[in-house]
Amino acid sequence: MESRETRLIAGKGQYADDLDFPGMAHLVFVGSPYGHAKIVSLSVEKALAVPGVLAVLTGEDMVAHTNPLPVQANFKSPGWTWRLADVYAMPRDKVRWYGEPVAAVVAEDEITARRAAELVEVAYKVLEVTGNALEALEPESPKLYDDWEDNKQVHLKFDFGDPEGAFAEADQVMHITNREGRVTGLPIEARGCVAQYDTKMDSLEMWGSFQTPYLSRHNIAATLGMPEVKVRINAVDIGGAFGLKIHAWKENVVALASKLTARPVKWFEPLKDFIVTGPHQRDVFWEGDVAFNNDGTLLGVKATVTHDLGVESTNKGIAALSIFPACSAVPNMYHWKGMHIEGIGAVTNKSFYCAYRGYGKDKGIKFIEHALNRIARKLGMTPEAIRLKNYIQPHEFPYHQINSYVYDSGDYPGTLNKALEMADVDHYRAEKEKCLEEGRYIGIGVVSAIEPAGVAVPNCQMGGITQARVQITADGTIEIHSDRTEIGQGSEVSHAIIVSDILGCKREDILVKRVTSDYIGQGPLSSRGAVYPASAVAKAAKMLKKKVVTCAATFLKAPEESIVMEDGMIFSIDHPEEKLTYGQLSEKALFFPGPRGLPVEMLKNHDHLLDVTTTWYSPTTPESGSSYTSFCTSADIAVVEVDIETGATKIIKYVHVHDAGTIINKQIVDGQIHGGIVQGIGEALSERLDYDTDGRLLTTSFSTYLIPTAVEAPDIEVAHLETPSPFTETGSKGMGEAPIIGSKAVILAAIEDALSPYDIVVNDSPASPERVRKWVVEALKRQEEAQ
Amino acid sequence: MKNFIGSRAIPDLVYHCPENMEQLMDLLGHIQGHFKIVAGCTDFIPAVRGGRWAFDDGLELIDIKKIPELKYVTLDGDRIRIGGATPLSMIIGAPAIKERAPGLAHGLTTMASPQVRNVGTIGGNICMSSPAADAVPSLLVLDAQVIINGNQGEEKSPLDRFFLGPGRNIMAPDQVLTEINFPAPAANESQHFQKVGTRDAVVISIVSAASWLKVDNGKCQGVRIAMGSVAPTPVRLPGAEALLVGNSLTLDAIDACAKHASQEITPITDLRGSADYRRDLAYTLTKRTLTACMNDLM
Amino acid sequence: MKMQVQLNVNDTTHQLEIDANATLLEVLRNLTRHQSVHRSCEEGECGACTVLMDGQPVNSCLILAASVQGNRIMTVEGLMKGDTLHPLMKAFTDELGLQCGFCTPGMVMSAYALVNQWEEEVLSDMDIRKAIEGNLCRCTGYVNIVKSIRRAKAAKDAGNWW
Ligand SMILES: Cc1cc2nc3c(=O)[nH]c(=O)nc-3n(C[C@H](O)[C@H](O)[C@H](O)COP(=O)(O)OP(=O)(O)OC[C@H]3O[C@@H](n4cnc5c(N)ncnc54)[C@H](O)[C@@H]3O)c2cc1C
Ligand code: FES
Ligand code: FES
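Chains as they are written, first to last, in this note's numbering: chain A, 1 to 787; chain B, 788 to 1085; chain C, 1086 to 1247.
Treat the hints as calculated values from the structure; they're not laboratory data. Do not take every clue at face value.
Stated by the list, open to error - Mimicking BS3-like on lysine-lysine, the simulated pairs with C-alpha atoms at most 27 Å apart in a straight line are:
| hint | chain 1 | residue 1 | chain 2 | residue 2 |
| --- | --- | --- | --- | --- |
| 1 | C | K1166 | A | K653 |
| 2 | A | K774 | B | K1046 |
| 3 | A | K653 | C | K1215 |
| 4 | C | K1215 | B | K885 |
| 5 | A | K38 | A | K76 |
| 6 | A | K666 | C | K1087 |
| 7 | A | K666 | C | K1238 |
| 8 | C | K1087 | B | K852 |
| 9 | C | K1232 | A | K418 |
| 10 | A | K38 | B | K789 |
| 11 | B | K858 | C | K1215 |
Unchecked claim - So these bits of chain C aren't anywhere near chain B, every CB distance computed over 10 Å:
| hint | residue |
| --- | --- |
| 12 | D1096 |
| 13 | T1108 |
| 14 | T1135 |
| 15 | M1165 |
| 16 | K1166 |
| 17 | D1179 |
| 18 | N1201 |
| 19 | E1204 |
| 20 | L1208 |
| 21 | K1215 |
| 22 | K1238 |
| 23 | A1243 |
| 24 | G1244 |
| 25 | W1247 |
Only a predicted model underlies this, so the values are computations on that prediction, with no experimental measurement involved. Where is the CB? At the ideal position from N, CA and C, for every residue including glycine.
Pulled out of the complex, with its shape left as it was, chain A reads as follows (with noise of 0.2 Å):
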């Protein structure tokens, strides 16, 4: 069978845009222009007038056809504030964020129906918006839902260890704030789908950009009141995912829109409508203080991190969820005393927040990270001795942290030691020096972060769910199902080659078929593609092959240790000479003699067929609660120059040391790696989603909003280490958000390093040029006033 690269690079690809259903409708959306305003009216005449135009929807019809979206996380506590917001797909009389849809146009084509949205006439009134978590959690701000207190929608509060212990016996405190801008993760491909309402059997199915379908098969039949049995959700061709096609939301009025023309209606998102109307993520700030010797031992935080969470999200909680491993991964790879972080999340009128590569734990360990860093340089250590200080040593594991993570293994030390050499650190040290002289500044950041990954929540729908079916077909070939979407991270490949390995079937003779809602699962979320769904297809191909060498052993006449199975070929290793396709072996098992040529055992309990269907839990999880099962390990070293006059940042050298445990296929952890470092990047330097102060988004495009090019990609080393995970089935960790989580970190670290001569604390990100030239303005003033 051909690869999906191969389909892919030679065009063939079925991506959302490309899907084409005979009688086919489209559907424009309608944004609001105004971040916050009451909806005074609403016309839909002039656009229904429209040859061409089918309907026009709006948040009436959410009232009177659907019901406010479902809750997706809910953690109300004692002591703790969670609140939700009521919310319809499309609101009715006031809109919260600049671009929320209002009405959406369906037509019988594309252009007519952007013809017709600029027709719809809605009269607003216009509202003060709500510019920043900080200002929102004023008591005089204006309040985003009417029937809160506040805009607070999230206070969590944690107790990790002794923190009052950890601070009394400190030698130092050390205060630190950190703030990352607002961003977004930007596939290339926005989101898009076609609904297919089947009138007859009052049924509907959907076809999509979906990272999550039995999810969204949840959410969208909860939405539409429908029974979940009558609502399929099929996966195509992903144009890049990274947490933010976890949801479905405007999805819900396509499907209506179907519904209601009786037509099979199409979405295409545009891009700017994707970046505007879509999940944000950071936009954090950190206040807080660290406690350590003056040997370096670190010993406690205390610290907040406020979050702009923008609207009640679309995943209703979900957005609200990701402050908890903002929080939990304060405490990164080292020993600790103890620590007490609050988690809070304010509403803002911006767009909602939701999962994005890093999902909060890249907040926490840039927090740390840059702490670390700025303790080193007070005692005069480099920031490699302070970590390897700290480390959880190798012989330490399954290592319980202080915020009950437990941690699976590793070799920390043995990691940092690995980039040290690789990135010629002492060489670049030289370097700065000499560069110094002439006026060049060169900066050498270093960072080590780890990836929690495959999470497993109680109370939400993260909580832990898989399912993996592998199936011999009769004719040989082998399917595999799962809830692991391909969304580029070589999730088809990698349950091939487990498949492949465990079976000795010839990889070309596996499909992974296409994920559809049929198979319960989350989805590849939190990096656990590699934990769940794997380990849960690995097992799945494990007790198939039990059942395979059954049925060999006895076709062969041979015992069942003798059998053998290698390169698509069964056979007993006594009778190597006769032979067994995986086609013979099935059609013999189900037709020629079939069920009744099999060992009267099988039959007996059920087990003939050569078809499993399984699911995986975390071992760790049911006693520890660690919300999390592997934990891969990454050093980051960076070496950038920054041009002092214009502010912008090179990056001459860049070396990522990673650990997810054995790897299944090293091209495509490569591949995730080069891509999470270079978004990485991204946040650090130049992505920025900026609102003006009446709450309008002006970084709506790629003009504006900048994804790193190719050019200002660094070339990247990448080395690995395999220290297996003992709680997995492949021995493989997690993996595909470390990178982010480092490189955005070790950036400016590396910036902060090299503006060291001006004592420039690189606090903020992106330190985009006139960032950067703004510190070394105020640096140099302070320096003139100190003469």
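Using the hints provided, position chains B and C with the ligands relative to the given structure of chain A.
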């Protein structure tokens, strides 16, 4: 306020594609209703999709990119002449430009992407009259002249006097920019362009700057400095120029000139950068482009 | 306004009736069914819609189809020989120069224009990177794309090219 729509429809068009100047002039003489001239369309389509330009009653579009008389780069005696509808990549690759005006070639390669440069034209960049038009500072310091044609006849104007404000210039809607020409720099002249954006590639300038120097015996015989994104139009900086001309070229002199340049401009704060940062960059880029010219010549 | 046009795509001439406001991108996707040409920003910023026009990469979203008369358009479909991948495409699959595959057809066309015109000269990584600056990729970090392009050049030098 208009509805937010992610990507707007291109209006109904009546499409005209004259094949030579005569057909173009004829069209411009007779055309009724709302019309617009386009060449590469790389500014036109984004402006329509983004709703910055709206033509509710449709539009007569006059596409000039197939007119051979508007596509050329020649060295005519001591002048370099570029046809108004010449794509940027064709200019970059032209031997006359590579040899005689490498600073311009380099400046044009910092614009947009290969795809956009393959169709976007020099005339389009000038006629859009964006304060951030990256081709313009180089052309200003090369002392370029534009030739404008229409049924009223041909006009010539120094590029310096072409721009009236953001998106505004001296041309009437039924006029075409047919040529841009400038004296080919001599051996004792040099020209450089630099820009700064929030990213290196495919980015709109926060500030762009070009300098041109003519040196004899270590003395500055002529200097021109121009900048983009620092005023309502791309501008020459005569005040800064006056500080340098006739004097010995030293790093100190350049520094003083660059300081003056940063005060001579009238930048605003917008999405891409603050006025302060722009002044700061104006200083740095003036210094750097002048120094690069000086290093070429001395 | 409806117009009759002749569109030459991958050496096949299509006689089409189009709307004057249709972009080349729309006509390729909807009328001649070259769905390898992807659509994202529709404003020339992402490069997913890149095709070759007379051998040079262009954004098909910025070109009115009505203006494409007498030009040769090429898409990745035109690089294939039957079912066989072009050596450049093979280089991309060998080096895993693609992940989600969405930017890929456009990226391949820019890469093809580069390698096709690349003769004796030594190109630095930065030269290669500049040639693809108009093609955004969010998945690969570009590292394997640069490798793919070098591998393709080696294939070309070895005479494996068309
Ligand atoms: C992704 C992207 C990146 C870009 N990056 C840059 C950049 O870095 N720097 C920069 O300066 N620009 C940039 N641009 C803008 C644009 O590409 C250039 O301005 C280009 O030169 C415009 O030329 P055109 O032929 O495509 O113009 P068109 O879109 O065809 O025309 C633009 C305007 O000029 C008028 N016009 C065009 N030619 C003539 C003529 N000969 N006579 C009379 N009127 C005429 C038209 O009426 C129209 O109003 C970018 C654009 C895109 C899409
Ligand atoms: S769709 Fe053409 S460049 Fe993005
Ligand atoms: S492979 Fe996904 S955008 Fe390039």
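Query raised in the report: Which of the numbered hints are not met once you compare them with the structure shown?
Result: Checked against the structure, the hints that fail are numbers 1, 5, 6, 13, 14, 21, while the rest are satisfied.
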